[in-house]
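Q: Could you build all of it, start to finish, from the sequences and the hints given here?
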Amino acid sequence: MAARRRHRTRPGRRTTSSNSETRHDEALSAAEDSAADTDLKTGEPEPELKGPLRRCIVTRETLPKEAMLRFVLGPGRELVPDLAGRLPGRGMWLSARADVLERALSRGAFHRAARGQVQLPPDLRARIETGLKGRIRDQLGLARRAGQAVNGFQQVREWLQAGRAALLVEASDGSLSERDRLAGRRGTPMVAVLTAKELGAVFGRDHAVHVAIAPGRIADMLVQEAGRLAAVSGIASGAGT
Numbered sequence: 001m002a003a004r005r006r007h008r009t010r011p012g013r014r015t016t017s018s019n020s021e022t023r024h025d026e027a028l029s030a031a032e033d034s035a036a037d038t039d040l041k042t043g044e045p046e047p048e049l050k051g052p053l054r055r056c057i058v059t060r061e062t063l064p065k066e067a068m069l070r071f072v073l074g075p076g077r078e079l080v081p082d083l084a085g086r087l088p089g090r091g092m093w094l095s096a097r098a099d100v101l102e103r104a105l106s107r108g109a110f111h112r113a114a115r116g117q118v119q120l121p122p123d124l125r126a127r128i129e130t131g132l133k134g135r136i137r138d139q140l141g142l143a144r145r146a147g148q149a150v151n152g153f154q155q156v157r158e159w160l161q162a163g164r165a166a167l168l169v170e171a172s173d174g175s176l177s178e179r180d181r182l183a184g185r186r187g188t189p190m191v192a193v194l195t196a197k198e199l200g201a202v203f204g205r206d207h208a209v210h211v212a213i214a215p216g217r218i219a220d221m222l223v224q225e226a227g228r229l230a231a232v233s234g235i236a237s238g239a240g241t
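FYI, the numbering for the sequence shown is 1 to 241, going by full-length UniProt numbering.
To be clear, the hints were calculated from the coordinates, so they are not data collected in a lab. These numbers were taken from a predicted model, which means no experiment stands behind them. Beta carbons: idealized from backbone N, C-alpha and C, even for Gly. Among these hints, one or two may not hold up.
As the list claims (entries may be wrong) - Each pair of labels, with its calculated beta carbon distance range:
hint: 1; residue 1: Arg112; residue 2: Leu176; range: 39 to 49 Å
hint: 2; residue 1: Arg112; residue 2: Glu158; range: 48 to 58 Å
hint: 3; residue 1: Gln154; residue 2: Glu66; range: 32 to 42 Å
hint: 4; residue 1: Arg90; residue 2: Glu66; range: 44 to 54 Å
hint: 5; residue 1: Pro122; residue 2: Ile235; range: 46 to 56 Å
A: Structure representation (structure tokens):
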């Protein structure tokens, strides 16, 4: 009678399967680590297309982070605006627009996104506006200390004539005729979201109406934050040429 053959597992077969499972687990872990904030409504990762994009929980549009507002939940489930986008926790993103914010508040978008009750501050919009103004003042202060900003009609005009100004920051309550005289036809971008008193506080003066900013990241950040503030406030930022 022929001896019964024992079935033997080929060497390496089980190891290969184990290695394959390990690689699969590692790939999943890496994908989770590199994913952006999760869409809290669907539980799915936010789409990563080209650049840092996020999906608005109200309009469902996917937009650059720079054009949006991020919110997180505090320890007591209070809604906290995260204007710098750095606070820990899952983020809820809104298009930086006054109408979108109102829709989110009136239709319970934050409750749905957070999958539970959320404490909504009654002065949420004011908090956002105050925070954005603070970020603008901080950037202006950085520019002043770095020698990348000047204020006053004459100094600003000299910078414009010399091609040193990448951005004009004008007082929202300043003279339109003086603003036009400075801007002229040079095509320099301009924003106007702070009052003369608010601008003056940055430069240690009672008021400041005209400010010029040198090219660089600070100028870019000022345009970005002024745009968000204007959109949330529902006012014209003056951004343009």
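Q: Hint by hint, note whether the structure agrees.
A: Hints versus structure:
Remark: the range hint 39 to 49 Å for arginine 112 to leucine 176 is upheld by a beta-carbon distance near 44 Å. Take arginine 112 and glutamate 158: their Cβ atoms lie about 54 Å apart, and the range 48 to 58 Å holds. The hint said 32 to 42 Å for the Cβ distance between glutamine 154 and glutamate 66, and at roughly 34 Å that hint holds. Range check, arginine 90 to glutamate 66: about 20 Å between beta-carbon atoms, so the 44 to 54 Å window is missed.
Look at proline 122 against isoleucine 235: about 21 Å separates their beta carbons, and that is not inside 46 to 56 Å.
Hints 4, 5, counting from the list given before, are not met by this structure.
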